[in-house]
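Trainee: Take a look at the letters that make up each chain.
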Amino acid sequence: MRLKGLLLSAVLAAMAGVPVVVSKAEAQGTIYVPLFSYRTGAFSGSGIPIANGMADYLNMLNERDGGIGGVKIVVEECETGYDTKKGVECYESTKGKNPVITNPYSTGITLQLIPKAAVDKIPVLSMAYGLSASADGTNFPWVFNPPATYWDGLSMIIKYIAGKEGGLDKLKGKTIGYIFFDGGYGREPLPLLHQFAKDYGFEVKEYPVPPAEMQNQSGLWLNVRRDKPNWMVLWGWGAMNPTAVKEAAKINYPMDHFVGIWWSGNEDDARPAGQDGKGYLSLNLHSVGANYPAIQDIQKYLVDKGKSQTPKDKVGENFYNRGVMNSVIIAEAIRNAQKVTGKKVVTGEDVRRGLESLRITDARWTELGLAGFAAPITGVSCTDHNGHQSAYMQQWDGTKWVKISDWISPMKDRVRPLIEAAAKDYVQQNTGWPKRTESCDKSS
Amino acid sequence: MLYREAGQFKTRYAADMAIFPIRQDRIGILVILAVAFVVIPYFGNSFLLQAVMIPFLIFSLAAIGLNLLTGYTGLLSLGTGAFMGVGAYACYKLATIFPGVHILVWVVASGFVAAAVGVVFGLPSLRIKGFYLAVATLAAQFFLQWCFVRIPWLVNYNVSNAIEVPTRTLFGVPVTGPNATPTTRYLIVLAIVVAMTWLASNLVHGRVGRMWMAVRDMDIAAELMGIRLLPTKLLAFAVSSFYCGVAGALMVFLWYGGAEADVFNINQSFFILFMVIIGGLGSLIGSYFGAALIFMLPILLRYVPDQFGIPIRSATVEHLSFMIVGALIIFFLIVEPNGLARLWQITKQKLRVWPFPY
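Going line by line, the protein sequences match chains B and E. Note that the working numbering has the first sequence beginning at 1, numbered continuously upward. Note that the working numbering has the second sequence beginning at 1, numbered continuously upward.
There's no promise every hint is true.
As the list claims (entries may be wrong) - Simulated crosslink set (SDA-like; lysine to any residue; CA at most 20 angstroms straight-line):
id	chain 1	residue 1	chain 2	residue 2
1	B	Lys121	E	Asn179
2	B	Lys424	E	Tyr157
3	B	Lys95	E	Gly44
Unchecked claim - Under 7 angstroms between C-beta atoms, here's a sample of chain E residues computed to sit facing chain B:
id	residue
4	Phe47
5	Ala51
6	Val149
7	Val159
8	Ser160
9	Pro166
10	Thr167
11	Pro178
12	Tyr256
13	Gly258
14	Glu260
15	Ser314
16	Ala315
17	Glu318
To be verified - Example chain B residues on the side facing chain E (calculated, C-beta under 10 angstroms, incomplete):
id	residue
18	Glu77
19	Glu89
20	Thr107
21	Asp120
22	Leu131
23	Gly183
24	Pro210
25	Ala422
26	Asp425
27	Tyr426
28	Gln429
29	Thr431
30	Pro434
If you're looking for bench data, these hints aren't it; they were derived computationally from the structure. Note that the Cβ used here is the ideal one computed from N, Cα and C, for glycine as well.
With the hints as constraints, model all of the structure from the sequences given.
Mentor: What follows is the structure in structure tokens.
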């Protein structure tokens, strides 16, 4: 009884004590980069490799070069569990430590943070996810989503399909099935898809997967078997991807006519289907594999010394490299900011300028020790916060991804007007949306 | 010692029937209000206000709403998340259709839309009871969530399927949107939550509340005493949904500042239901206790290792906090199956006679 009482009072006291969280005083002369990640929850399958890649590249820069431009980077992970609530909590708890950039790594969290970015003067980097409209730098000076938007991705997939069919005019009369995560992420491409359908004369069949039913898609795939679409496009995330690939294999859908967006192309998405998944296609923004000097350095400085959470055999996997690419953009933005401002210890405002003048040419990728890792990022500017860079198609050969196409460029002329219209719409809905006051740098 | 009623003589029935019959309780409530209205906004940092106190108050309000239905009327509901969503979407639609009317009017008015929807889904409650009613409200949860995702009109045809909160002001001070300071938001949420708690307290202590409790304890007996079951149950659904709707609108407009349909999923419903069960069925203060335990404790736990400088990875902390909170829930339910509110009551009872218990 006494122990019970003691425990009880202890817990009650802990609850009553208002949690005043004091942020630890940060050491002067460092750059603080919080990484929102999710190693727990339903999306951890996709989240863990990305979190590993993001943290490893920045930590490697600390170990190898002593940071960026001689300034150490303080990397701190905050667990969101892909939950918007916790994401906002992470943002609030890191805000006090002067972060130079925010990486929400969830479309839901990004949407919450977009309006806050301009107020708190912390740029948001949502690499190839988030709100497509935020590619419009005139209306969203604080939000960046390079190297490509979902709409770019969709136009690349349609281009690839047209290439296989023998031209855009050959799409007439074909049926394209679209299986997607039934939420903002999966629904965003729909207007463009329907527009394409009208223009090129193909038919669209929609197969929405509700978030709660990600791992239970057999009913939908029965419909796919009935409808027999010529091509299937997958817009999935987390546990939804391997399930879709497995189900497609189960109904003997021709895998080389099944194309995923870049978020549906991890090894673990295709691997569970085993040999049956052979032929599954997915877009990718960067190469797979560890044969790059920079990734070798991660091996040498972190993984071999036990300073990383990454298992040895997972280094260089697709989503691991996605995380690395994300951190390369962060690091380059910080480096740019140092160059533009001449300061060593940069702030969020400086990094925003650094992102606007982001240039990663082929030569720069080589310098970084990542020759040919990704398409050059040269399109980001004051007005264009995305760049609309190219991606390539990869195919699962039963054990690994194989690059099967050249860089496919998006149909920028189709995507850009949509982005501007969506941005205008967003600004109209949010009365009092601040006008851009940030001046453009000459270089951008 | 300090907490005893010796010397406080009641000379009127009203004093005897008061909600806080003991002077110390009345002082206590004033102190709590003073702390909430003055000390916390004055000394709290933006993290405390924005990420701890505002959500805590909003969840408390939703828990009060569910408690009116489940705790006071005995109707189990799993549709809380969806009713919160109705409030949020209604508020968004009303605010965008009639931008001239003040946002806070719509926050409260959206509760009425949620109440109407709640009544519709409450209709089966006359015929089905207990677990079966839970399943019927589960249908409400799925149906409404389906609507949020599939009806583009609800989000004004937004391509991202999200609702965004425009900036609105009150006496020239922004109350919603990114420019609203945490302190302003907190004070508004606090004012609404306090007012609605006071209203709920009056409801449950009055004729309506007694009708609800009679239905909860034995509906046939209640019917024989002349309580009409259908209007009573529907009223409970309406009031409960009203509270949940306002909580949902507050959540999107004063906390998140934008939301996707997925925020109002089944997990949200369970989250609120657990708060009610842990806090204590049929208790208003229990709703606050439940929200504190289920929502605030994990946050607190997450920052404990950091405060002491223990290097634990964020994912490990997350796992640990899941385990600890889970264990605590079981612990509390074993110690006191009637929830934290009952523990609080026992503590007060013991304090009254301490140090000479008889």
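Trainee: Hint by hint, say whether it matches the structure.
Mentor: For each hint, the structure was consulted:
| no. | hint | verdict |
| --- | --- | --- |
| 1 | B/Lys121 / E/Asn179 | 12 angstroms, holds |
| 2 | B/Lys424 / E/Tyr157 | 13 angstroms, holds |
| 3 | B/Lys95 / E/Gly44 | 15 angstroms, holds |
| 4 | Phe47 | 5 angstroms, holds |
| 5 | Ala51 | 4 angstroms, holds |
| 6 | Val149 | 6 angstroms, holds |
| 7 | Val159 | 5 angstroms, holds |
| 8 | Ser160 | 4 angstroms, holds |
| 9 | Pro166 | 4 angstroms, holds |
| 10 | Thr167 | 4 angstroms, holds |
| 11 | Pro178 | 4 angstroms, holds |
| 12 | Tyr256 | 6 angstroms, holds |
| 13 | Gly258 | 5 angstroms, holds |
| 14 | Glu260 | 5 angstroms, holds |
| 15 | Ser314 | 4 angstroms, holds |
| 16 | Ala315 | 4 angstroms, holds |
| 17 | Glu318 | 4 angstroms, holds |
| 18 | Glu77 | 4 angstroms, holds |
| 19 | Glu89 | 4 angstroms, holds |
| 20 | Thr107 | 8 angstroms, holds |
| 21 | Asp120 | 8 angstroms, holds |
| 22 | Leu131 | 6 angstroms, holds |
| 23 | Gly183 | 5 angstroms, holds |
| 24 | Pro210 | 7 angstroms, holds |
| 25 | Ala422 | 5 angstroms, holds |
| 26 | Asp425 | 8 angstroms, holds |
| 27 | Tyr426 | 7 angstroms, holds |
| 28 | Gln429 | 6 angstroms, holds |
| 29 | Thr431 | 4 angstroms, holds |
| 30 | Pro434 | 8 angstroms, holds |
Taken one by one, the earlier hints all hold for this structure without exception.
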